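Starting from two chains that each stand alone, build the complex the way the hints lay out.
Those protein sequences? They're chains A and B, same order as listed.
Going by my numbering, the first sequence opens with residue 121, and the numbers climb by one from there.
Going by my numbering, the second sequence opens with residue 451, and the numbers climb by one from there.
It is worth saying that the hints were derived from the structure and are not from the lab.
Warning: the hint list may mix true and false statements.
[What the hints assert, rightly or not] If you want a taste of the chain A side facing chain B, the calculated C-beta under 8 angstroms gives, among others:
#, residue
1, Leu136
2, Ser144
3, Phe169
Nothing here was measured: the structure is a model prediction, and the numbers come from that model.
Ideal Cβ positions, reconstructed from N, Cα and C, are used throughout, including at glycine.
Now for the letters of each chain:
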Amino acid sequence: MYDNRSLIAATITAVLFILLEVCSALLIVNNGIIQRFKAVGYIHDVQAFFWEKEADLTQFLNYKSDNQALSEENVRLKNIISKYRYRAEKMDSLLFSPENGGYFYICARVVRNVINSQHNYLVLNRGESDGIRTGMGVVTPLGVVGIVENTTKNYCTVISFLNSSQNVSVKLTGNGMFGPMSWDGISTSKSILRGIPAYVDVATGDTLVTSGYSIIYPPDIPVGTVRSTSVADGIVQNIEIDLFEDFRSLHDVYVVGNGDSEELKQLLKDE
Amino acid sequence: MNNSFHTAVMITLVIIFQLMINNFINPGPYIFISLVPFAVSLIPRNTPINLTIFLCFVIGLTVDIFSRGVIGVNAAAATAISVLRAPIYRITINRDRQDLTPIPEIRQCGFTKYLSYISIVCLAYMFIYCSLESMGVRSFLFFIPQFLLSSAASIILSCCFSRTVGSRQ
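Just chain B, same shape as in the assembly (with noise of 0.2 angstroms):
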């Protein structure tokens, strides 16, 4: 129970954190910040499928609400890496190891192997958020710099982000 509320609090605070940097900073065009990823990276992992995917529904959509883009694209992106996360997880970390905490930190997971995992589920959700936002309208010169752009901000901040969540536990 205390995990669980634990877990509840640290995801509230990475949605509070995403729309902060969603309304009070504009790093550019080319640049969009996501923590979603993060966040849904840490619901565990033994948490049953179906609750999963509507918590990463509810996560998005949250984002989605309170602030000043498209409803319904984070929404989209989240709940589509919610399935996808447990296969990233079983690839990149948990090939060998069997004994790790339901949710994947950097302390324990070592460097490269958490850094393999964000790093995927980044790209995913970038890929998708960045389609649906652009709808195909925008031309690929600005699709491609605007999505390694935003994927390489966001998995650098979810690093940042795993190592004091994972020093605080």
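With the rest of the complex left out, here is chain A (with noise of 0.2 angstroms):
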């Protein structure tokens, strides 16, 4: 009782306080030039603070539809980098490679992505009706994320890079040596190179990208970087690799087609 009376009477003293700093600290205000002017400033700064903060918490709360719309944005771009490099390349060149294909890009988001098994495989937001076909490849700014493995009208799943059945192939930028890369079966974030000759230079840290090699992924997509090497058999060397992509926080990739893909199939087959 008396700590309930003495904490009343401690309130009424730091508010009758406040209450009088404030009476003053407006008198002030409203009396002097210089105070008004520097208190007008303060009250700004603070303005300025929380608006600040409002804009930010704005701006956050708008990110899905902003990343939504940044993805379209790089999609049509990406579409229109395609385009034109092949024509270029086709002007340029006779001979026909996949590394000159027509690719062209889909945006879609992972609606589901299992990492923990020995066989992952996403699922995305785009279908049949989107002009999505079983074995396209999807992709992010950061890597190789897979091949399409099946499609509904709306949606398709994706055999994840994350599979012991996967191999993309890669080159080293540093003296175009290219392989099989496939997933270590352990890590999400590891995978390994093989087929490199023992003989070959490979410096720790330098960057691998996609080769161009196959019908699926196009040419020059960063995927990692060398964390070691080890000779296997005597005659080659197994790189580890350290990848870009993180698959744990997978959200938006990219489905990629090739334009000549079913002509380039023909002709392998016919060989």
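Printed below as a string of structure tokens:
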């Protein structure tokens, strides 16, 4: 009881003190030109602080729609670039190879991502009605994600790169050597590049990009960096790679198609 | 009742003297002589804290209204030291003595202890006063001399007044 009285008395004292100080401050601001100017300045500073926070919050809340708009813009630009590159390379070269194929992109969002088994897969929110076809590649600016396996009208399943049966042709930017890269089967952030001759000098930290020697993935998508090397069978070396892509936080991806894939497949079948 | 009346008269006289200083004496831009801290110290220590805060506000506001400065500066500083004076008193004067009168006096407390008490009160008051008056507009090289010289002048005058008040009591 005594404590409660003391608390109430202390509260009344504090309120009275603050009230009188506020009265004094109001008198100062109303009667002093410099003080008013400075007080208004401080108030504007505080207002600006909260306005900035409000703007940050609004930006954060709008990030989904902004991200969607940026993804669509990216697709549009990538398609334009791809179209012009295709035309330019067709004009420059009479030889036809997958490297100068006409790639096109479709943005998609990951709605399911399984990464904790040996046969991982993803589900994307794009399907046949969006132009998705079986065998198309799935990429991000940070690497390859997988290959479209099945499609429905509005969705498709993707065999993740984190799959023991998946290989992606990559090359070392340092010396241009290429080979098949596959998942190491253990970590979501590591993979193995096999088949590089033992005599080739591979620098730790060297970047790897897609080679473009496949029908599925366009060239020059960065995939990772060299972590370590080890000689296997005495003639080739296995290169351990740190992937750029974080498969645990995949959200927005691009499904990439090759306009010449049927023609190329037919050609390869004939051979 | 007589004591309260005597205290009220003393505080009123100090305020009148302060107004005379403010309106008729111009010691320059670096010195502001204030007896408000001394007037605050004249409020008996056994006065309820809420009444003390209110009286200090009224003392400061009275000085503000009848002076030529910005209204509210003395009121804000006096209200602030109304809550500081009790802990300052405990630290400087009443560490070992419980038999002192409600109003600290130079004769009873001793010169050194009273000087410590009134110095800290004046420094706190002047710091708040000078800060509110300049509001960060004036440079540090102006603020420091003004603060130190004003504090010194106020401390000396407060000691002189305390001696006079004590001798009359």
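(request) Output the numbers, in ascending order, of every earlier hint that fails for this structure. (result) Hint check: 3 fails alone, others pass.
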